[in-house]
Amino acid sequence: MSISRLERPPSCPSPGSNLPPPRGKGPFAQAIGQARRIGAISRGALAAGVCALCALPIALLALLSLAARWPYPEIWPGEIRLDPWRELLDFQHGGLPRVLGASILLSTVVALVSTALSYLAAKRIAAHPARARLSLLAYAPYVMSPVVLGVCLLYLYLKLGLAGTFPGVVLAQTIFATSFGVVFFLGFWNEEKRALEDLVRTLGGTTWQLYSRVLLPISRGPLGLCAFQTFLISWFQYGLTVLIGGGAVQTLPMKVFDYVNEANLSYAALASLLLVLPPLLLLWVNKRLFFRIV
Amino acid sequence: MKISAPRSSTSRPERAAFALFLLAAVLPIAASLGYALLYTIGLAGLLSTGFSLHSWTKMFAAGELWTSFGLSVAVAAVVVVLATAGGLVLSLTLRGSIESGPLGTFLYLPLALPYTVAGFVTYQLLAPTGLFSRLAFRLGWVAGPADFPALTNDRFALGILVAHTALALPFMALLFTQLQASERVDRYAALARSLGATPGQALRRVVVPMLLTRAATPMLLLFVVVLGSYEIPLLLGRQAPQMLSVLTYRKWQRFDILQKPEAFVVALVYTAFALAVLALALRRTRAEGSG
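As you go down the protein sequences, you meet chains W and B in turn.
Mapped onto my numbering, the consecutive letters of the first sequence carry residue numbers 373 to 666.
Mapped onto my numbering, the consecutive letters of the second sequence carry residue numbers 3 to 293.
Take these hints with a grain of salt, some might be off.
These stretches of chain W come out as covered by chain B in the derived footprint (C-beta under 8 Å, 3 or more residues) [said to hold, decoys possible]: (1) 469-483; (2) 511-518.
Restraint-style ranges between C-beta atoms, simulated for each label pair [said to hold, decoys possible]: (3) B:Arg14 with W:Leu484: 16 to 26 Å; (4) B:Ala152 with W:Leu428: 32 to 42 Å; (5) B:Leu55 with W:Tyr444: 32 to 42 Å.
None of these hints come from the bench; they were simulated from the model.
In this text, a Cβ means the ideal position worked out from N, Cα and C, and glycines have one as well.
Pulled out of the complex, with its shape left as it was, chain W reads as follows (with noise of 0.2 Å):
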């Protein structure tokens, strides 16, 4: 007998399933049915605590922001201003938006350069007949700490003459984004892909077409998401960008970690609200994909 042809018996529903009411109206059906009721009552209230603690976060950053002063023992600012909201606005003398121009451009051109690489560099992997470690080698970067690392690869990038430059924090970000992007591209690159492409091939189909007319549409959604969130790789890195910067490059994490230094809380808070900005859009236009992201 297949387990998957096995009918759940009415007795046994699945964990947080609705349940159907008793029935008969004897004392023991009416006991049940309260129980389910308070059951149905306490999921309920525990589903709105914990709604409520996920929302916190930004809520709390959002009142920061405004706060001019919030002094204790007060639950709520005691005087509400919006100064540093006008400042984002002030292009010529605000530091933040430039700190916010760079950033976007810093996480554009490295979730540009590690995409496209990382989409050719896993379809090579996936071929590979060592496959196996060459994904170890493209994990280890990823899951490893850009700090640790960063400190490691400080030297060579101040006898390159890279450190403290742009370029040299885009290219360690790089290395970071692109292993995120070969084990993302790792599993696109699979058996079926492969078929499409040896069905191009016996066609005649040469590399350009079948790279313009077959992977590249078909690829258009991955490619999308991966350049998201290597964009967000990027965007939300402070330790590399620091080592390897140096302070020359500034970006919006290190703008919150200054702000706080400074206890500026309201501008470390507008500075959050921006860094918390791009994924809160990914998970307004699509959570599923934001998931498999994160």
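Starting from the known structure of chain W, fit chain B onto it as the hints suggest.
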């Protein structure tokens, strides 16, 4: 006429990209780790005076490395246990809400927080003058900030644990909810029930072991990620002991040049351990794939 189907071969762009990946990503890391190793044994760098294990013996004899290593492993392990347990409970009790209710959206919000922001927010919540302390004051539980228990920069690393767990728990809850559906856990539980198991036995002996087995690889990767975390322990940890990444950076940035080999020793110990856990995780994935 003999017709042979062409096997897909790698084209020039792929070979070039692969070579570039090796050149730009793998080679610098390998070279840097090699240089770090040579630096620690006196064969490279400003302090090179010939082969010597002085840095290694000094760091291994000093308690700082092992305290830091122990703290990092303990924090990572506790975070994995708490996030897994909490994620399991949420997934098993609120599966319906996660799959089709607003909770399914709200659980994604913490996943949008980078470590820098998570550390900052956790401090604003748990610090002696933070939001929770203010609430405790309003409720009459504490007389002032000094009465509030130390939850940040504390000796038990509670702030670090809270921040990491708050980020990882929703991830695990979503993962377990997906696994419940993809692994058809309900049907196995139903089979156990039809064979006479009680609901508790079906949960303990079928559902939970199945979910934990399938989530083992993400749990190992979570362990490695927390082990090497930097931003959260930097904001919420103490000056001593420090987690491995913070210790590495602190030793590196000191003006005392003699500390640099020690920074490399910490980095290499961390790297060896992280790679061992990664290899274990990948072996598990391959075993699952072939099993």
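Status of each hint after checking the structure:
no., hint, result
1, 469-483, "violated (count 0)"
2, 511-518, "holds (count 7)"
3, B:Arg14 with W:Leu484: 16 to 26 Å, "21 Å, holds"
4, B:Ala152 with W:Leu428: 32 to 42 Å, "21 Å, violated"
5, B:Leu55 with W:Tyr444: 32 to 42 Å, "53 Å, violated"
Consistency with the previously given hints fails for numbers 1, 4 and 5, ordered from lowest to highest.
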